[in-house]
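Asker: Each chain, written out:
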Amino acid sequence: MIDVHAYAGILTREAIMFRRLWVSTTFASIVEPTIYLLAFGLGLGALISNINGYSYIEFVGTGSVATAVLFSSVFTGMFTTYVRRVYQKTYDGLLSTPVDVSEIMTAEGLWIAAKAGVYGCAPLLVAMCFGLPPSWGMLAVPFIGFLTGLGFGFFGQWLSGIVPSIDAFNYVTSALITPLFLVAGTFFPLTQLPQWAQTLAQLNPLYHCVQLVRHAAFGWEGWADVGNVAALVIFAIIARYLSIRRLRKRLIG
Amino acid sequence: MTANPAVRLQGVVKRFGALTAVDHLDLEVPEGVCLGLLGPNGAGKSTTMKMLTGQAIADEGTIEVLGFPVPAKSKQARGLMGVVPQADNLDEELTCEENLLIWATLQPIPRNLRQQAVADGLALAALTDRAHSKVGTLSGGMKRRLLIARGLVHNPRVVLLDEPTVGLDPQVRADIWVIIDRLRNEGVTVLMSTHYIEEAERLADDVAIMSHGRIIARGTPQQLLDTHVGTHALEFYGPPERLTEVEAIAEGLPTRRTGPSVSILRAESIPEAMHDRLGVGTQRVANLEDVFVLLTGEVLE
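Heads up: the sequence lines are chains A and B, in that order. Per full-length UniProt numbering, residue 1 is the first one in the first sequence, and the count goes up by one each step. Per full-length UniProt numbering, residue 1 is the first one in the second sequence, and the count goes up by one each step.
Read the hints as simulated data drawn from the structure, not as lab findings. Quick caveat: nothing in here was measured; it's all calculated off a predicted structure. Glycine residues also receive a C-beta, built at the ideal position from the N, C-alpha and C atoms. One thing to keep in mind: the hints can contain errors.
Said to hold, decoys possible - In the BS3-like style, the derived pairs of lysine-lysine whose C-alpha atoms are separated by at most 25 Å in a straight line are:
no., chain 1, residue 1, chain 2, residue 2
1, B, K134, A, K89
2, B, K143, A, K89
3, A, K249, A, K89
4, A, K249, B, K73
5, B, K75, A, K89
6, A, K249, B, K75
7, B, K73, A, K89
As the list claims (entries may be wrong) - If you want a taste of the chain A side facing chain B, the calculated C-beta under 8 Å gives, among others:
no., residue
8, G9
9, R20
10, D92
11, P98
Chain A on its own, in the form it takes in the complex (with noise of 0.2 Å):
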């Protein structure tokens, strides 16, 4: 049964702390994709015409917009998580509470994504000032940043929880976090890459996330995008269970 009272409690906290630190969470969280924006759609717009289709500013406008999804929830994820279980000691204090791991770790998790799909917006809007039309379509990009960031919010939750100590996160984010989002069809298309890369690159989340964006700013593309959703459904499914799995075992003796 759900315990409404536990969750409501630990998004309380979550307001509360946001309402302290949104700007520097904020200014972190929009202005690093809308740096690869403009440097990648201004720079490279320049020289290359049209992918798929689509201008190069169209293409990577709604391809940042995973980025800023990505980097937004897998980053906080990762060290929020870490730093309130081993430095705050914040865990072993609502866990005197009537509260419990996967409640604190779910309703994390709701917090996280919440703000990824609103961080997420902010590269689109960039894009638009720089010609991507707009679309009523578009007004599903919170939701798609929304369910995205759930995922990648338990995803780095989990990793927080397996990292020996917090350098480590170096290794996490070079080998795994990049490739995760250079591999998605953010700045180039995957029809570009080998043919086990693109098969590969199925299994990449962010993936999905891109293409259920694109598809909402230029046109749904029906059994495809259930399936998009799915995917990204199933991770979040996936990434929650890993990821109260393992802050039970760091956090229960």
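For this one, chain A is given, so just place chain B on it according to the hints.
Answerer: Frame of chain A; chain B shown alone:
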């Protein structure tokens, strides 16, 4: 055995690899009693506290808090329990008021009573005028008071205090003692771990001495003194040979050696003839530390 104790542990064992932190522990705390769990670092006090909140799972034995089996129904138990951890884990970026409000939201306090609970908590911590100050700007003593107020924000029936005054200066310690004394007077059940003798003597109705994961003695401070060390101790200082000589003369009486001194316990029962052979010593009132050292061979701070 008490009919319905607030806290009950029976045959509880907790192992961390090869280390047995809690070793077949039997402990009951009747409702309304302040029990001081006295022991050195590593005695198993904090692990015992964590098992009561379900943050550590016992390998053997049963645990109940207010009738709720733990960990099976630890959420229900935690709603009636207030926990004050040893380490400060307040949200430093938030204000005192916000810290208490978060806890008031997490605990089963009706929405319309939360603001009052926060105001009461600030008053208890004597921080009403610092309600809007960030925790990071408070002194160590203020943070400790806020931490205690946070644990009490929902008026719990059982309070777990894990080393509540460790590392604090005497004035702040006295402030904390006032709060704990108030809880006792209100009939709240308190389980307080400490390795400060004076704290246990002054605050606890009942003291349980813990060593190597077991309770090795239990009673009121006076009962423990009467049973184990009597009313007075006779203390001798000197080189090791002199201390050995004193111990030999006092054969048959309990003694404790601490650094450059040896104390003969139950000094009130030393025969006159033995007094003459011992020479001049310093008589002092026996204390719980004597009991502890006598029973465990270990030294407290």
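Asker: All hints, please: hold or fail.
Answerer: Now for the hints, and whether the structure bears them out:
1. Between K134(B) and K89(A) the CA atoms are separated by roughly 18 Å; this keeps the pair inside 25 Å, and the hint holds.
2. As the CA atoms of K143(B) and K89(A) are separated by approximately 15 Å, the hinted pair is consistent with the 25 Å bound.
3. A threshold of 25 Å between alpha carbons decides the hint, and for K249(A) with K89(A) the separation of about 15 Å falls inside it, so the pair holds.
4. Of the supplied pair hints, the one linking K249(A) and K73(B) holds, its CA atoms being roughly 19 Å apart against a limit of 25 Å.
5. For a cut-off of 25 Å, the pair hint linking K75(B) to K89(A) stands: about 19 Å separates their Cα positions.
6. For the hint pairing K249(A) with K75(B), the CA-to-CA distance comes to about 18 Å; that is within 25 Å, so the pair holds.
7. Of the pairs offered as hints, the one joining K73(B) and K89(A) holds, with about 23 Å between alpha carbons and a cut-off of 25 Å not exceeded.
8. With 8 Å as the threshold, the beta carbon of G9(A) comes within range of chain B, its nearest partner Cβ sitting at about 4 Å, so the hint holds.
9. The restraint placing R20(A) at the interface with chain B holds, with a minimum CB-CB distance near 5 Å, inside the 8 Å limit.
10. The restraint placing D92(A) at the interface with chain B holds, with a minimum CB-CB distance near 6 Å, inside the 8 Å limit.
11. With its C-beta approaching chain B no nearer than about 4 Å, P98(A) sits inside the 8 Å limit, and its interface hint holds.
The structure shown violates none of the earlier numbered hints.
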